[in-house]
Amino acid sequence: MALLVTQKNSITVQTTLPVQPYPLTSERNPIKTERLIIRPFQASDIDAIYELRQQPEVMKYTKKGVPDINRIESQEILDKLMGSPGNDTYNFAICDGKTNVLIGTGGCHLLVGEVGWPEIGYMFRKEAHGKGYATEFVNAFLEAYWVLPRVRTEVVVDAETVELNEGVTAAKECLTAITTADNKPSHSVLRKTGFERVKVFEVLGNYLQEEGDMITLWAWTLKWPPKAT
Numbered sequence: 320m321a322l323l324v325t326q327k328n329s330i331t332v333q334t335t336l337p338v339q340p341y342p343l344t345s346e347r348n349p350i351k352t353e354r355l356i357i358r359p360f361q362a363s364d365i366d367a368i369y370e371l372r373q374q375p376e377v378m379k380y381t382k383k384g385v386p387d388i389n390r391i392e393s394q395e396i397l398d399k400l401m402g403s404p405g406n407d408t409y410n411f412a413i414c415d416g417k418t419n420v421l422i423g424t425g426g427c428h429l430l431v432g433e434v435g436w437p438e439i440g441y442m443f444r445k446e447a448h449g450k451g452y453a454t455e456f457v458n459a460f461l462e463a464y465w466v467l468p469r470v471r472t473e474v475v476v477d478a479e480t481v482e483l484n485e486g487v488t489a490a491k492e493c494l495t496a497i498t499t500a501d502n503k504p505s506h507s508v509l510r511k512t513g514f515e516r517v518k519v520f521e522v523l524g525n526y527l528q529e530e531g532d533m534i535t536l537w538a539w540t541l542k543w544p545p546k547a548t
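Using my numbering, read the sequence shown as starting at 320 and increasing by one per residue.
Take these hints with a grain of salt, some might be off.
As the list claims (entries may be wrong) - Quick list of in silico lysine-lysine cross-link-like pairs, DSSO-like style, CA-CA up to 27 angstroms:
#, residue 1, residue 2
1, K491, K383
2, K379, K450
3, K351, K450
4, K491, K379
5, K351, K445
6, K491, K542
7, K450, K417
8, K351, K417
To be verified - Pairwise CB distance ranges (calculated):
#, residue 1, residue 2, range
9, L323, P468, 31 to 41 angstroms
10, A489, K351, 29 to 39 angstroms
11, K379, S329, 27 to 37 angstroms
12, T418, G513, 43 to 53 angstroms
13, E521, T381, 15 to 25 angstroms
14, R390, E482, 22 to 32 angstroms
15, V385, P468, 35 to 45 angstroms
16, P468, R390, 35 to 45 angstroms
17, K417, A489, 38 to 48 angstroms
18, V519, S345, 31 to 41 angstroms
19, G449, I391, 44 to 54 angstroms
20, G449, T381, 39 to 49 angstroms
21, V385, L483, 19 to 29 angstroms
22, K351, G524, 35 to 45 angstroms
Hints are computed from structural coordinates only; laboratory data are not their basis. Every residue gets a Cβ at the ideal spot worked out from N, C-alpha and C, and that includes glycine.
Please work from the sequences and hints to get the whole structure.
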């Protein structure tokens, strides 16, 4: 279904969200799937993190847009993921289940994302692209995410992400993802894992190759509890 580019239109709703802070990074249990080990970050991950963040094909679809300048920049990212700031996110190292080699990272990296809801993201080494790892990760992550303790709260979100009856401000909780309009591999992953595209909007490019250009983004939502089948 074609969606027109629209402006952001905020609304306050009553909903649920994960209790904050998330479980401490030091206390998060690994998640095992058929081919992956999804675990907390370790200091020894720096070499793999640096290699991952040096690949233009990977960084192209991140908010940063370009590879890290040097190893120091990657180390700062890893330090945040392992330290106190990491407790404010729900991110994991994604490793090959046979070799335990880090091939990606992913999780809920923003409690308040582009459209107001928590936001999921992931990145994989280019050598791991096209093998179904992203879909496998997202499915496993969602199982862990939805069983986190919840609290009822009010949040300010984009009106296009919710379905409200007239006069009712209660909304199902959403997890969101943001992609560029041309990121077809991620579009496929999100559809396979139950997300629906709900909004198209534009932002000003924030890195060198796109400076001054308007970038078209797609917002995706996954509601909880899910629709009855």
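Here's how the hints hold up against the structure:
no. : hint                             : in the structure
1   : K491 to K383                     : violated, 31 angstroms
2   : K379 to K450                     : holds, 19 angstroms
3   : K351 to K450                     : holds, 17 angstroms
4   : K491 to K379                     : violated, 32 angstroms
5   : K351 to K445                     : holds, 22 angstroms
6   : K491 to K542                     : holds, 6 angstroms
7   : K450 to K417                     : holds, 15 angstroms
8   : K351 to K417                     : holds, 11 angstroms
9   : L323 to P468: 31 to 41 angstroms : holds, 38 angstroms
10  : A489 to K351: 29 to 39 angstroms : holds, 36 angstroms
11  : K379 to S329: 27 to 37 angstroms : holds, 30 angstroms
12  : T418 to G513: 43 to 53 angstroms : violated, 30 angstroms
13  : E521 to T381: 15 to 25 angstroms : holds, 18 angstroms
14  : R390 to E482: 22 to 32 angstroms : violated, 46 angstroms
15  : V385 to P468: 35 to 45 angstroms : holds, 37 angstroms
16  : P468 to R390: 35 to 45 angstroms : holds, 37 angstroms
17  : K417 to A489: 38 to 48 angstroms : holds, 46 angstroms
18  : V519 to S345: 31 to 41 angstroms : holds, 40 angstroms
19  : G449 to I391: 44 to 54 angstroms : violated, 31 angstroms
20  : G449 to T381: 39 to 49 angstroms : violated, 19 angstroms
21  : V385 to L483: 19 to 29 angstroms : violated, 40 angstroms
22  : K351 to G524: 35 to 45 angstroms : holds, 39 angstroms
The structure is inconsistent with the numbered hints 1, 4, 12, 14, 19, 20 and 21, although it conforms to all the rest.
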